[in-house]
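> Generate the whole structure from the sequences, applying the supplied hints.
These protein sequence lines map, in sequence, to chains A and B.
Oh and the first sequence: position 160 is 160 in the working numbering, straight run, nothing missing.
Oh and the second sequence: position 30 is 239 in the working numbering, straight run, nothing missing.
Please keep in mind that the hints were generated in silico from the structure rather than gathered at the bench.
C-beta atoms are modelled at their ideal positions from N, C-alpha and C, and glycine is treated no differently.
One should not assume that every hint holds.
To be verified - Output of the computed footprint for chain B on chain A, the stretches with three or more beta carbons under 8 Å from beta carbons of chain B: (1) 75-86; (2) 99-106; (3) 191-201.
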Amino acid sequence: MAGKGLGYEFKKGLWQELPPFRLVLGTCPALAVTNSVVNGIAMGLATLFVLLGANIMVSLLRRFVASQVRIASYIVIIALLVTVTDMFMAAFFPPISKALGPYLPLIIVNCMILGRAEAFAQKNPVLPSIADALGIGIGFLLSLAAMGLIREVLGFGTILHFRVLGDWFEPWIVMILPAGAFLVFGGLVALVNYISSRKAAKAAETARV
Amino acid sequence: METLGTLILIFISAALINNFVLTYFLGICPFLGVSNKTENAVNMGLATTFVMTLTAAATWPIYNYVLVPFHVPFLQYVSFIIIIAALVQLVEMYIRKSSPALYRALGIYLPLITTNCAVLGLALFMVLRDYNYLQSIVFGFATGVGFTLAIVMMSGIREELEFADVPRHFQGVSMTLIVSGMLALAFMGFAGLIRG
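Following this line, the structure appears as structure tokens:
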């Protein structure tokens with residue numbers, strides 16, 4: 001782990017371990033709140049903050065927590081951070097907090113965060129854990145924003161509430177509905193598969209030459 | 210009579226119209242993970258229904274008789290998740306003692322339920338919607354039934370999909386999600402059930 005450096009830990013979250021599409025973790029929020037770009041970004045930022053805090057705390061506590069009770073203690077750490085985020089959002093951004101509704105507290109059970117604590121932070125010092133959290137968190141944020149973008153453009157014809165498609169455009173209502181979330185998500189997973197298999201094929205070719 | 214009507218309404222709405230998996234996207238992880246065989250899906254659904262009903266029964270009094278009187282409802286997330294984790298543990302211990310056969314069937318799924326967001330979501334929705342005690346229990350049970358329904362249907366479709374000729378890049382998760390989208394569209398048909 002130590003040999004790979006901070007840059008690697010950061011970068012892997014952006015493509016190699018891109019959370020929702022590659023690891024299929026944290027799918028609930030990715031599907032639920034991405035009917036507009038704003039909601040996607042807000043959710044992504046909230047998750048990034050919780051992930052960062054959780055990784056730092058778990059990493060600092062890694063020598064003190066007995067391994068039998070580790071999952072329970074991680075959950076409590078995450079739940080506290082989410083409570084803080086929730087109260088912060090409700091105080092400073094009430095409309096966004098309202099739009100996200102119960103999905104903000106549901107960050108607690110976002111398996112991605114527990115997964116990073118378990119798979120990375122508990123075995124690594126603080127700095128790599130921060131890099132890991134930033135990488136994975138930003139990858140998650142970008143994925144949510146991308147899904148929000150597709151669904152908002154097709155469903156309302158707008159981006160960030162600005163009209164981008166003219167009056168000729170008939171909004172695809174299905175994209176805002178739950179079904180649209182599944183369809184876009186499935187399509188994006190296929191796209192990521194396609195790009196990475198192309199990349200792998202290219203890498204194999206250059207290796208041969 | 211009116212209360213019975215409300216209870217039935219809550220049941221239908223939570224199990225069919227606002228199915229947790231297909232309209233609120235809660236419990237997607239087990240939905241994708243355990244839906245490849247019908248037998249596993251049925252067991253997972255039963256275990257989850259059981260835990261959900263118990264969760265509703267346990268979190269309601271804690272919220273209304275402990276957190277609210279002491280003016281600390283902001284502790285609800287922490288306390289709910291602890292209750293759920295403890296409950297899952299207790300259920301696991303009880304089943305292991307009382308019925309080893311059932312334990313073998315459900316064993317590996319039980320710990321997974323703690324991180325099933327549908328269970329925590331259920332507790333949060335229950336508080337948001339101000340249900341009374343009986344309504345909460347019906348709501349918990351109905352949500353479980355809805356989850357079981359969705360996961361069992363999905364597993365049936367996925368067993369058929371094994372023989373289908375799916376384009377290479379769409380295989381696996383991607384196809385499952387697209388099929389879920391179709392299923393969600395179909396479930397929207399239930400929205401007409403409750404009107405007036």
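> Would you list, in rising numerical order, the hints stated earlier that this structure does not obey?
Failing hints: none at all.
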